[in-house]
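Given chain A's structure and the hints, the job is docking chain B onto it.
So the sequence lines, in the order shown, correspond to chains A and B. Quick note: the first sequence uses the numbering used here, first residue 1, plus one each step. Quick note: the second sequence uses the numbering used here, first residue 565, plus one each step.
To be clear, the hints were calculated from the coordinates, so they are not data collected in a lab. Fair warning: there could be bad hints in the mix.
In the EDC-like style, the derived pairs of lysine to aspartate or glutamate whose C-alpha atoms are separated by at most 20 Å in a straight line are [what the hints assert, rightly or not]:
1) Lys982(B) with Glu1105(B)
2) Lys11(A) with Glu1097(B)
3) Lys151(A) with Asp408(A)
4) Lys513(A) with Glu545(A)
5) Lys260(A) with Asp288(A)
6) Lys370(A) with Glu617(B)
7) Lys1122(B) with Glu1055(B)
8) Lys150(A) with Glu976(B)
9) Lys642(B) with Glu696(B)
10) Lys575(B) with Glu533(A)
11) Lys934(B) with Asp487(A)
12) Lys934(B) with Asp510(A)
13) Lys156(A) with Glu617(B)
14) Lys720(B) with Glu60(A)
15) Lys715(B) with Asp510(A)
16) Lys150(A) with Glu617(B)
17) Lys711(B) with Glu259(A)
18) Lys968(B) with Glu60(A)
19) Lys618(B) with Asp288(A)
20) Lys64(A) with Glu696(B)
21) Lys64(A) with Asp51(A)
22) Lys452(A) with Glu472(A)
23) Lys396(A) with Glu571(B)
24) Lys156(A) with Glu1055(B)
25) Lys202(A) with Glu259(A)
26) Lys882(B) with Glu60(A)
27) Lys54(A) with Asp721(B)
28) Lys237(A) with Asp157(A)
29) Lys318(A) with Glu624(B)
30) Lys10(A) with Glu1105(B)
31) Lys370(A) with Glu1055(B)
32) Lys151(A) with Glu571(B)
33) Lys147(A) with Asp972(B)
34) Lys147(A) with Glu624(B)
35) Lys370(A) with Asp1051(B)
36) Lys78(A) with Glu976(B)
37) Lys574(B) with Asp408(A)
38) Lys64(A) with Glu617(B)
Protein chains: 2
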Amino acid sequence: MTPTNMEHIKKLFIMPNSADKFHEFGNELLDLLHSFFTEKGGIHSSIQLGDLEKIFSNTEMPSKPQRLTEVLYEIKTKVIAHSVKVGNPYYIGHMTSAIPYFIILLEMIIAALNQNQVKIETAKASTFLEREFIAWMHRLIYQLPNKFYKKNIQSKDIALGNMVVDGTMANLTALLVARNKAFPETKDFGGVRFEGIHEAYKHYGYDRSVIFVSKRGHYSLDKVGRILGIGGNNVIKIPIDSNNKMDTKILEARCDEIEKANMAGGPRTKIIAIVGIAGTTETGNIDDLEEIGRIADKYGAHFHVDAAWGGSLLLVDKYRDMFKGIEKSDSVTIDAHKLLYAPPSLGMIYFRDGSDAKHLMHTSNYIIRKDSFDIGRFSVEGSRPFSSLKAWATIKIIGRNGFKLIFDHAFELTSSLKKIIVEHDNFEAMNEPELFIFNYRFIPKEVHEKIKVLRDRVSSAWANGECGKEVEKDAEELEKMNIVLNDLNIELHKSIREEDESFVSRTMFDIPKYFYQNCVILRAITINPLTTEGILNEIIEHQNELGMKIFKKHFARKFKKFKI
Amino acid sequence: MTPTNMEHIKKLFIMPNSADKFHEFGNELLDLLHSFFTEKGGIHSSIQLGDLEKIFSNTEMPSKPQRLTEVLYEIKTKVIAHSVKVGNPYYIGHMTSAIPYFIILLEMIIAALNQNQVKIETAKASTFLEREFIAWMHRLIYQLPNKFYKKNIQSKDIALGNMVVDGTMANLTALLVARNKAFPETKDFGGVRFEGIHEAYKHYGYDRSVIFVSKRGHYSLDKVGRILGIGGNNVIKIPIDSNNKMDTKILEARCDEIEKANMAGGPRTKIIAIVGIAGTTETGNIDDLEEIGRIADKYGAHFHVDAAWGGSLLLVDKYRDMFKGIEKSDSVTIDAHKLLYAPPSLGMIYFRDGSDAKHLMHTSNYIIRKDSFDIGRFSVEGSRPFSSLKAWATIKIIGRNGFKLIFDHAFELTSSLKKIIVEHDNFEAMNEPELFIFNYRFIPKEVHEKIKVLRDRVSSAWANGECGKEVEKDAEELEKMNIVLNDLNIELHKSIREEDESFVSRTMFDIPKYFYQNCVILRAITINPLTTEGILNEIIEHQNELGMKIFKKHFARKFKKFKI
Chain A
1 MTPTNMEHIK KLFIMPNSAD KFHEFGNELL DLLHSFFTEK GGIHSSIQLG
51 DLEKIFSNTE MPSKPQRLTE VLYEIKTKVI AHSVKVGNPY YIGHMTSAIP
101 YFIILLEMII AALNQNQVKI ETAKASTFLE REFIAWMHRL IYQLPNKFYK
151 KNIQSKDIAL GNMVVDGTMA NLTALLVARN KAFPETKDFG GVRFEGIHEA
201 YKHYGYDRSV IFVSKRGHYS LDKVGRILGI GGNNVIKIPI DSNNKMDTKI
251 LEARCDEIEK ANMAGGPRTK IIAIVGIAGT TETGNIDDLE EIGRIADKYG
301 AHFHVDAAWG GSLLLVDKYR DMFKGIEKSD SVTIDAHKLL YAPPSLGMIY
351 FRDGSDAKHL MHTSNYIIRK DSFDIGRFSV EGSRPFSSLK AWATIKIIGR
401 NGFKLIFDHA FELTSSLKKI IVEHDNFEAM NEPELFIFNY RFIPKEVHEK
451 IKVLRDRVSS AWANGECGKE VEKDAEELEK MNIVLNDLNI ELHKSIREED
501 ESFVSRTMFD IPKYFYQNCV ILRAITINPL TTEGILNEII EHQNELGMKI
551 FKKHFARKFK KFKI
Chain B
565 MTPTNMEHIK KLFIMPNSAD KFHEFGNELL DLLHSFFTEK GGIHSSIQLG
615 DLEKIFSNTE MPSKPQRLTE VLYEIKTKVI AHSVKVGNPY YIGHMTSAIP
665 YFIILLEMII AALNQNQVKI ETAKASTFLE REFIAWMHRL IYQLPNKFYK
715 KNIQSKDIAL GNMVVDGTMA NLTALLVARN KAFPETKDFG GVRFEGIHEA
765 YKHYGYDRSV IFVSKRGHYS LDKVGRILGI GGNNVIKIPI DSNNKMDTKI
815 LEARCDEIEK ANMAGGPRTK IIAIVGIAGT TETGNIDDLE EIGRIADKYG
865 AHFHVDAAWG GSLLLVDKYR DMFKGIEKSD SVTIDAHKLL YAPPSLGMIY
915 FRDGSDAKHL MHTSNYIIRK DSFDIGRFSV EGSRPFSSLK AWATIKIIGR
965 NGFKLIFDHA FELTSSLKKI IVEHDNFEAM NEPELFIFNY RFIPKEVHEK
1015 IKVLRDRVSS AWANGECGKE VEKDAEELEK MNIVLNDLNI ELHKSIREED
1065 ESFVSRTMFD IPKYFYQNCV ILRAITINPL TTEGILNEII EHQNELGMKI
1115 FKKHFARKFK KFKI
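So here's chain A without its partners, still in its complex pose (with noise of 0.2 Å):
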């Protein structure tokens, strides 16, 4: 059928008088998805992007109706076929992996209801599945007495937190409202809010503001900074330990330095906030939570912990422990569609004080009215999805009991990779893994051997204060073969994606024990419940022997210019 006729395009819009015809089409979708996941063959398809280019190029939108089970066909072969088989076991290389079939079901429901959590007037029941499923995870974090929940779980003049698209603009969210607390109404001035960030200085009698984060804070960090006003420049990274999290004794230093030169007159700075992660983006380290909310609430600090990647193992209490200090944050950012796995997006961010949801209240006559139910009064977004549905089932389906089980799961796949890496002659571990990332690069044998004797000289000279020009020029030396490594890690990364039979990411990033030179590496993110400990022996095994294969061509001259 081709709507020709406004009769036609009513059809469209109704459910067919008989459930047949939705069956019919419903059934066929079933099937193709169904094929498409059994499916055996490579995760990405072997089409060229200019290929892919040249199949979308049709500039101009088409007027003539086309029929569904052709644009089904057409979705069929164009994009289905050259989707990335995320949930594949061999992809261990984002935090994009398997989801639940079930969600898919669910999917139909929220498209189906076509609500839009804004405002309850286009979402009944929503509102409140959604109000208890953000006390859960609430209750998770700050674990606040069964009586605070039992009175708050449904108020409607609180928010103790949003469901929202991501973690990035969960850490908008975060911070918009650290720097609203920054610089609040008074009698004689509204607020940065409603009169801007340079009054608000003035006001106030600063000159800069400030977020602190480590060096492996999120890329979304800085675009908060950039969106909020205060300057990405003023997004400060403080540097890590040799594991990867923040050094909290250069941070008190930091805050310190600041604090005397405010009390000093000259030009002062506020610090909005300082923020703890909770399973860093590249080698998924948690940071020492219990002190930074302690040098937080010392300099009066807005305290956010980004746990997009970790939050969700607050799930399991047996690991509760790795995230101490997180129920003394101001805020907590956790992604559904990373270790809830939900498709994505599904953001979150939960406020140990709902009432700091005022700091984003916003009111409007047509909808959201002030005395309303409305969820939609404290978010930045406007209209919305009922995506909560996905994340309320999915707890309800699987239970806590269930996700101990995929965690306990996730870190035996961790451990085993681990374990692969370092017993292997030609693989070197780049990071301690805590949450299902590890970081780990190619280097034959014969460099790995080279490379160790000159990083120990160098350690051990610079430990002891020397200085000279042997050791310059080792360092110098180290450093040559680590480029070099760097260019052997990314040819065999290129090779991996030519074969295509299992995917890792690639990254490069300041590495702790080679004196935070930048190394390329490989990421390899282990929470499929469908990866096995077989087929990360197989992904290595398969690597090693790219790598090698690379490494005798073009590579093995090269290392064999360093003597040391």
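Showing chain B alone in chain A's frame:
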């Protein structure tokens, strides 16, 4: 099956080996959704909010897994049963309306593929499809030569637009670009993005920056002003004319004042952006975009058009004239979850100059590398679903021709409703509808006659410059009558909600013909392809009955007091 061991969990994460199981659940759900739509009965469930609170007041997250069928049953009885039937043809109160049923199928595909649009490593075909769709829409707005689109449709170094979560995010993105363009990088200044607003003002010698929009601007623009750090008070509302459009003479005068003050050497103000509205949220009117564009150009401000509501009408050539001037804008917001009939929420932002995206550009090493195809380099959001598939497929299936039918029908509905109201003794039209939004109120004939006399007297007296005691008394009486009418219409609206056979929304704003007094109005949005003229007649007749009952019981006496 409840997941009590890892083998059970794994089964949840994989398509069942046989498609049967998936079909079984799928079919059950298809039936469930089908019956939700075909079921007769009220728009809202009759449940009280207090009872919904009780249903969703489990303060503790469940530990034990529940069977999928159990949870689906719970969703059916607790959620679906108490959802708002926004697709019902008698529901004409909000912009959320019916969606084509094939969207439900598309959501299944999107969830199953689980692509994350932030980077090509998790979004292969979907990255290119999204760019194609964006080019289509860009072309509708800006109508640049085919050559331009051939060259740029898949260009990875610019962004003709972004798919975003909603209209708020679209406006935020546009005005963020505007702010960044207003205070750019120079040799000795890093730009407002990196150094912040305070430093930007210092560097460029400003004390304040402003954004202009009419009084009918969407509340999201205030939010954006607060978020961006320029201050909500600096989002300045220009008065409207008698048809709810920005008074562009006043706009120009305000710009002129600022320019003169800037020249005079006092504190200087930067006009960051001027926002034209193409479909105000409350009245559906379109600003004079051509004139606003001219003024923005004259004063060097970014010209943004908030066409969240109306923008999709550009799909139909014959409605293009209404938007004259939009092609001169720097950026345009359009919401697909409004007149592209997508479910909430899917906002879009388009930039005439695709290289404006450089003011948003950010990169990171582990994803969105500088030289990549990743569209996440240009977006405020990070992780993002493959929602563009819905808009792309909708356009294909319905076609521009099909949208012509849909919009023609919606225009007819609005005209019909206006005719019904104008010809009815007991109602009053409160705006001149342009884009499917019609405001009216209940006003019994006898009251209407009195209020007309008063209004005419005041109007002609004021037109003649009279302002004696008598006019003043008339004006006071008029105001008092409107206040009682407000109460009457609030009561009527409550009664409509209770009866629950149809739904219109209620709001209150300054009505031009009542000398900008705040009046409560009923607001009908007639865009559901399944709504008919007959239905509109039924709705109004029913409201008349309810209104007369309330009037006789509680209000007739109150109006008796007014002598004219």
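Structure-based check of each hint:
{"no.": "1", "hint": "Lys982(B) with Glu1105(B)", "result": "14 Å, holds"}
{"no.": "2", "hint": "Lys11(A) with Glu1097(B)", "result": "18 Å, holds"}
{"no.": "3", "hint": "Lys151(A) with Asp408(A)", "result": "34 Å, violated"}
{"no.": "4", "hint": "Lys513(A) with Glu545(A)", "result": "26 Å, violated"}
{"no.": "5", "hint": "Lys260(A) with Asp288(A)", "result": "25 Å, violated"}
{"no.": "6", "hint": "Lys370(A) with Glu617(B)", "result": "19 Å, holds"}
{"no.": "7", "hint": "Lys1122(B) with Glu1055(B)", "result": "14 Å, holds"}
{"no.": "8", "hint": "Lys150(A) with Glu976(B)", "result": "51 Å, violated"}
{"no.": "9", "hint": "Lys642(B) with Glu696(B)", "result": "41 Å, violated"}
{"no.": "10", "hint": "Lys575(B) with Glu533(A)", "result": "18 Å, holds"}
{"no.": "11", "hint": "Lys934(B) with Asp487(A)", "result": "18 Å, holds"}
{"no.": "12", "hint": "Lys934(B) with Asp510(A)", "result": "18 Å, holds"}
{"no.": "13", "hint": "Lys156(A) with Glu617(B)", "result": "10 Å, holds"}
{"no.": "14", "hint": "Lys720(B) with Glu60(A)", "result": "19 Å, holds"}
{"no.": "15", "hint": "Lys715(B) with Asp510(A)", "result": "38 Å, violated"}
{"no.": "16", "hint": "Lys150(A) with Glu617(B)", "result": "11 Å, holds"}
{"no.": "17", "hint": "Lys711(B) with Glu259(A)", "result": "58 Å, violated"}
{"no.": "18", "hint": "Lys968(B) with Glu60(A)", "result": "17 Å, holds"}
{"no.": "19", "hint": "Lys618(B) with Asp288(A)", "result": "39 Å, violated"}
{"no.": "20", "hint": "Lys64(A) with Glu696(B)", "result": "17 Å, holds"}
{"no.": "21", "hint": "Lys64(A) with Asp51(A)", "result": "25 Å, violated"}
{"no.": "22", "hint": "Lys452(A) with Glu472(A)", "result": "16 Å, holds"}
{"no.": "23", "hint": "Lys396(A) with Glu571(B)", "result": "18 Å, holds"}
{"no.": "24", "hint": "Lys156(A) with Glu1055(B)", "result": "23 Å, violated"}
{"no.": "25", "hint": "Lys202(A) with Glu259(A)", "result": "18 Å, holds"}
{"no.": "26", "hint": "Lys882(B) with Glu60(A)", "result": "18 Å, holds"}
{"no.": "27", "hint": "Lys54(A) with Asp721(B)", "result": "17 Å, holds"}
{"no.": "28", "hint": "Lys237(A) with Asp157(A)", "result": "36 Å, violated"}
{"no.": "29", "hint": "Lys318(A) with Glu624(B)", "result": "18 Å, holds"}
{"no.": "30", "hint": "Lys10(A) with Glu1105(B)", "result": "25 Å, violated"}
{"no.": "31", "hint": "Lys370(A) with Glu1055(B)", "result": "18 Å, holds"}
{"no.": "32", "hint": "Lys151(A) with Glu571(B)", "result": "39 Å, violated"}
{"no.": "33", "hint": "Lys147(A) with Asp972(B)", "result": "56 Å, violated"}
{"no.": "34", "hint": "Lys147(A) with Glu624(B)", "result": "12 Å, holds"}
{"no.": "35", "hint": "Lys370(A) with Asp1051(B)", "result": "18 Å, holds"}
{"no.": "36", "hint": "Lys78(A) with Glu976(B)", "result": "38 Å, violated"}
{"no.": "37", "hint": "Lys574(B) with Asp408(A)", "result": "13 Å, holds"}
{"no.": "38", "hint": "Lys64(A) with Glu617(B)", "result": "48 Å, violated"}
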